[in-house]
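Number of protein chains: 2
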Amino acid sequence: MLVKLSVEEFSQVLGSNSPAPGGGSVAALSGALGADLVSMVCSLSIGKKEFESFQAELTGALQESQNLSKSLVKRIDLDTEAFNAVMAAFKMAKETEQDKASRAEAIQNGFKEAVQSPLGIAQECLKVLQLARGLVGKSNSNALSDLGVASLQAYAGLEGAIMNVKINIPSIKDGDFVAETSIEISTLLEEGLRVKDDINKYVYDKFG
Amino acid sequence: MLVKLSVEEFSQVLGSNSPAPGGGSVAALSGALGADLVSMVCSLSIGKKEFESFQAELTGALQESQNLSKSLVKRIDLDTEAFNAVMAAFKMAKETEQDKASRAEAIQNGFKEAVQSPLGIAQECLKVLQLARGLVGKSNSNALSDLGVASLQAYAGLEGAIMNVKINIPSIKDGDFVAETSIEISTLLEEGLRVKDDINKYVYDKFG
Chain S
1 MLVKLSVEEF
11 SQVLGSNSPA
21 PGGGSVAALS
31 GALGADLVSM
41 VCSLSIGKKE
51 FESFQAELTG
61 ALQESQNLSK
71 SLVKRIDLDT
81 EAFNAVMAAF
91 KMAKETEQDK
101 ASRAEAIQNG
111 FKEAVQSPLG
121 IAQECLKVLQ
131 LARGLVGKSN
141 SNALSDLGVA
151 SLQAYAGLEG
161 AIMNVKINIP
171 SIKDGDFVAE
181 TSIEISTLLE
191 EGLRVKDDIN
201 KYVYDKFG
Chain W
1 MLVKLSVEEF
11 SQVLGSNSPA
21 PGGGSVAALS
31 GALGADLVSM
41 VCSLSIGKKE
51 FESFQAELTG
61 ALQESQNLSK
71 SLVKRIDLDT
81 EAFNAVMAAF
91 KMAKETEQDK
101 ASRAEAIQNG
111 FKEAVQSPLG
121 IAQECLKVLQ
131 LARGLVGKSN
141 SNALSDLGVA
151 SLQAYAGLEG
161 AIMNVKINIP
171 SIKDGDFVAE
181 TSIEISTLLE
191 EGLRVKDDIN
201 KYVYDKFG
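Chains as they are written, first to last, in my numbering: chain S, 1 to 208; chain W, 1 to 208.
Derived from the structure by calculation, the hints contain no laboratory data.
Everything numeric in this text was worked out from a predicted model, so none of it was measured.
Treat each hint with caution, since some may be false.
Where chains are identical, the list cannot tell them apart; a pair therefore holds if satisfied intra-copy or between any two copies.
[Unchecked claim] The list that follows gives simulated cross-link-like pairs (lysine-lysine, BS3-like), each with its CA atoms no further than 27 Å apart:
| hint | residue 1 | residue 2 |
| --- | --- | --- |
| 1 | LYS4 | LYS70 |
| 2 | LYS201 | LYS112 |
| 3 | LYS4 | LYS74 |
| 4 | LYS91 | LYS49 |
| 5 | LYS206 | LYS112 |
| 6 | LYS173 | LYS206 |
| 7 | LYS112 | LYS70 |
| 8 | LYS127 | LYS48 |
| 9 | LYS91 | LYS48 |
| 10 | LYS48 | LYS138 |
| 11 | LYS138 | LYS201 |
| 12 | LYS74 | LYS127 |
Model the full structure from these sequences, guided by the hints.
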C-alpha cells in the first residue's frame, strides 16, 4: 500500500519511471493535506475565548475534516488501483470474438472507474474547501497561513483530480456518462475556484 | 523525522492539535510531489522516438527535478524545525537585562529563519514550475495530466510558502530584510503564476 510508505519513499516511488502512482494519487494526497490543515486550524481554535460562540461549529468541522482526510488518504491507493485495472484490461487475451468482447468491456469499465475515482477526489476536495471557508473569521489568526495552505492544497487536489478525469473521458463510449461527467467537472471547478478565491482574499487582507 | 513517517502517519500528525508541522512543511511536500511528477514525465518521455531531439534536455530536466525533490523533501523537516526554534526562543529566560537581550535576539533570529525557510521552498517550487514548463510539447501525452498536476502542486507549494513568509514578516524588526523579502516574494508569486498559467493553458488546450 502506498500510504504505508514513508513520505520520503512515496516521493521516490512517485518520481520513478512507472506511470503509477501518478497525478491522481497526488491529487488525493493534496486534498488529504488540506483536510489535515483544516483539522489543525479547528483544534487550535476550539477552546479559545474569542471563538466561544462557534464551538459547536468548529467541533463539527473538525469531525468532518478528519473523516475527509481518512477518505482521501484511502483514495491515494484506490486511484492507483483504478489506473492499474485499465492497464490490466488492455493486457487481456484478444484471440476469440468472446475474448475481444470481454476485453473491450473490461477496458470500458476500467476507464469509467478511472474517471469516477478522480471525480470522487474532486468532490471531497470541494468539501474540504467549503469547510476551510467556514473557518474564515472563526479561527485562530496564528494559524492564518495554515488556513490559506489548506485551501491551496484542497484546490490543487480538486483541479488535479479534474485533469485526471479529463484525460480519461475521451476513451469512454457511453455518451450519457460523458455528458453528465462533463457538466459535473465544470461545476466542481467553478465552485472550487470561487471558494478558494474567497479564502485567499480573506487571508491576504488579514496579512495586510 | 517527519519524512520517515508513513504517508498515513504524516497525515495524522499534521491534523493533530500541534501547530507543527503546519503549512510550511506541507508547502515543501507539495513542491516535492510536483518535482517527482516532473521526474516521472521526463522518464516516460526519454527514449520515445517522438521526442528524440529533446533527449539531452529531458535527461537534464530529470536530473534537476530529482535534485529539487530531494531538497524539498529535506525542507519538510527543516521548516518545522525553524518554527520550533521560534517557539523555543519565546520560552527563554527573561529575568535579567542580559536574559532579555539574548531572548530578543534569539526571537529575531528565529523569525528570520522562519521567513528564510519558506522563501527557499518558494524559490525551489518556482524552479519546479520552470522545469515543468520546459516539458510542454516535449513530453509523453499519456502523461499530460501528470504534467498538469506537477504544475498545480508546485504552484500550491510556492503560494503556500509565500503565505508562510507573510505571516512571519511583521515580527521582524530589520527593515532592510523586510523590504528585500517583500520584493522577492512579489516577484516569485508573479512569475510562478505566469508559468503555472502557461502550463495550464497548454494542458487544457490539449485536452480539447
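Each hint tested on the structure:
Taking identical chains as interchangeable, the C-alpha atoms of LYS4 and LYS70 lie at most 27 Å apart whether they share a chain (14 Å) or sit on different chains (20 Å). When the C-alpha separation of LYS201 and LYS112 is checked against a cutoff of 27 Å, the pair qualifies only between copies, where the shortest distance is 26 Å, while the shortest distance within a copy is 37 Å. Proximity of LYS4 and LYS74 under a CA criterion of 27 Å is satisfied in both settings, with 11 Å inside one chain copy and 20 Å between copies. For the homomeric pair LYS91 and LYS49, the shortest alpha-carbon distance between copies (23 Å) is at most 27 Å, but the shortest distance inside one copy (61 Å) is not.
With identical chains, the CA atoms of LYS206 and LYS112 are at most 27 Å apart between copies only, with a shortest distance of 21 Å across copies and 43 Å within one. With identical chains, the CA atoms of LYS173 and LYS206 are at most 27 Å apart between copies only, with a shortest distance of 20 Å across copies and 49 Å within one. In this assembly of identical chains, LYS112 and LYS70 lie within 27 Å of each other by CA distance solely inside one copy; the values are 24 Å within and 35 Å between copies. For a Cα distance limit of 27 Å, the shortest separation of LYS127 from LYS48 inside one copy, 25 Å, qualifies, whereas the shortest one across copies, 40 Å, does not.
Taking identical chains as interchangeable, the C-alpha atoms of LYS91 and LYS48 lie at most 27 Å apart only when they sit on different chains, with a minimum of 21 Å there against 58 Å within one chain. Taking identical chains as interchangeable, the C-alpha atoms of LYS48 and LYS138 lie at most 27 Å apart only when both belong to the same chain, with a minimum of 10 Å there against 53 Å between chains. In the homo-oligomer, the alpha carbons of LYS138 and LYS201 lie at most 27 Å apart inside one protomer (15 Å), although the nearest pairing across protomers, at 36 Å, exceeds that limit. When the C-alpha separation of LYS74 and LYS127 is checked against a cutoff of 27 Å, the pair qualifies only within one copy, where the shortest distance is 16 Å, while the shortest distance between copies is 31 Å.
No hint from the list above goes unmet by this structure.
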